[in-house]
Structure formats: structure tokens, C-alpha cells
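Asker: Taking the hints into account, I'd like the entire structure generated from these sequences.
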Amino acid sequence: MISFAVVFGIACIGLAMALNVYRLIAGPDAVDRVVALDTLYINAIVMLVLIGIRLDTGVFFEAALLIAMMGFVGTVTLAKYLRRGSIIE
Amino acid sequence: MIIEALVAGLIVVGGVFTLIGSFGLARLPDFYTRLHGPTKATTLGAGALILASMLHFSTQESVLNLHEFLIILFLFLTAPVSAHLLARAALVRRVDSVTEGSDTADGHRRPDLEPGAGEPAKVEVDPVPTDDPSLATDGP
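One line per chain: the protein sequences are X and R, in this order.
Using the numbering used here, you'd call the opening residue of the first sequence number 1 and step up by one each time.
Using the numbering used here, you'd call the opening residue of the second sequence number 1001 and step up by one each time.
Don't read these hints as lab results, they were simulated from the structure.
All C-beta atoms in this analysis are idealised placements derived from N, C-alpha and C, irrespective of residue type, glycine included.
Don't take each hint at face value.
A few chain X residues that face chain R, going by a derived Cβ cut-off under 8 Å, partial list only [what the hints assert, rightly or not]:
| no. | residue |
| --- | --- |
| 1 | M1 |
| 2 | I2 |
| 3 | L19 |
| 4 | Y41 |
| 5 | S86 |
Answerer: What follows is the structure, encoded as C-alpha cells:
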């Protein structure tokens, strides 16, 4: 039962990542692209967790945690740059 | 068996919510509405999926396995912060919204964009008091 659910979940996340890439390419403003990147990294974390369940390993946990931390830093940096035109004042 | 069903249900719910969040990001009409999908639906979906992973590994190894809770904590703390920063950046950049011209960068209404701006201000005129009750109306 879990294996079917994991396959369904991976399909959902893959479709969601494709929609994010569509918004990343088509976004009319730069902030739309930043939001698309933000959602894309959250979906990447979730995809890693699902692949971890599927392969029955815990080795993807550290990668998911690192993506969560670094992705937040990247989003904050891009938002500050878009707002002020400089990152460090 | 019950735990297995719970894990499978959480995975399905999480996948559907994450898909709904990204669908909202792709389909909603302007930036400010688009921001809602990732910050709410995707965060809930990611929380459900990571909870499923925690349950799965806890039952499989018969040891309470809580370190994936760090990811949930981090995502739930950072999603509102990044959404707030991005919304402020969009306000500063004057990104178009579907209800156009209601907000400025400093958060005030712009009077020159409100409907009826530029027309002379309407002066409220008291209705002339009459003795005839049939002519006394409350308004036009």
C-alpha cells in the first residue's frame, strides 16, 4: 500500500515541479520567478523525502535539511535584492 | 497495518496539497494571489509528507525517529518570512494586481487612482423639509 502511495506522491510532486518550471519561465515579473524558485526548492525537499521512503534509506535527510536552509537564504537574498537593488548595505 | 494505512493516506494527502499549491502558482491571475498557493497549500503538503516519512521510519526501525521534524520546523518558520519579504518587494516594484491601484509602496491608498478621483467632491445637500409627508423621501 505504501509503495503505491509513494508512486502517486512522486507523480504529484513531479507534476507540481513542472508547473513551477512553467511559472519560472513564463513569470511576467522577477518576483514571480523568485516565488517559482522558492516553491521549486520546497518541492525538491519533498521529492527527496519520498525517494527516501521508496528506497528505504535515511541518507537523503541531510540533503533535504541543507536544501531547506540554503533555499531560504537564497530566497531572502533575492527578495532583498529585488526590493533595494543591493544586498548588503 | 493501521500505521501503514496512515502513512499511505498522509502521502496521498501531502502529494495532492503540494500539487494544488503549485497549480495555484501556475494558474492564479496576479502575483499577490499567486503568493498564496506556495505559502499555504505547499507548506501543508510538505508537512504531511514529512510527517508520513517520520511515521514510516519510526515504525520500521522501532525507534522514535524525530530528526525529520527539523525540516518541518524550518519550513513552517521560513515560509511566512519569505512570503512577506517577496510581497514587500513586489509592492516596492509596483507589480500589477487584478484590483489595480489600491496600494502603494508605503501601504497607503493612492487617491488619484480611486474611482471618482478628479471629479469635484460631492456635497451632501440636506433634503428640503416639506410639510407634505408624501414628498419626504430618504434619498433619490
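Asker: Now tell me, hint by hint, if it's right for this structure.
Answerer: Now for the hints, and whether the structure bears them out:
no.: 1; hint: M1; verdict: holds (5 Å)
no.: 2; hint: I2; verdict: holds (5 Å)
no.: 3; hint: L19; verdict: holds (4 Å)
no.: 4; hint: Y41; verdict: violated (10 Å)
no.: 5; hint: S86; verdict: violated (13 Å)
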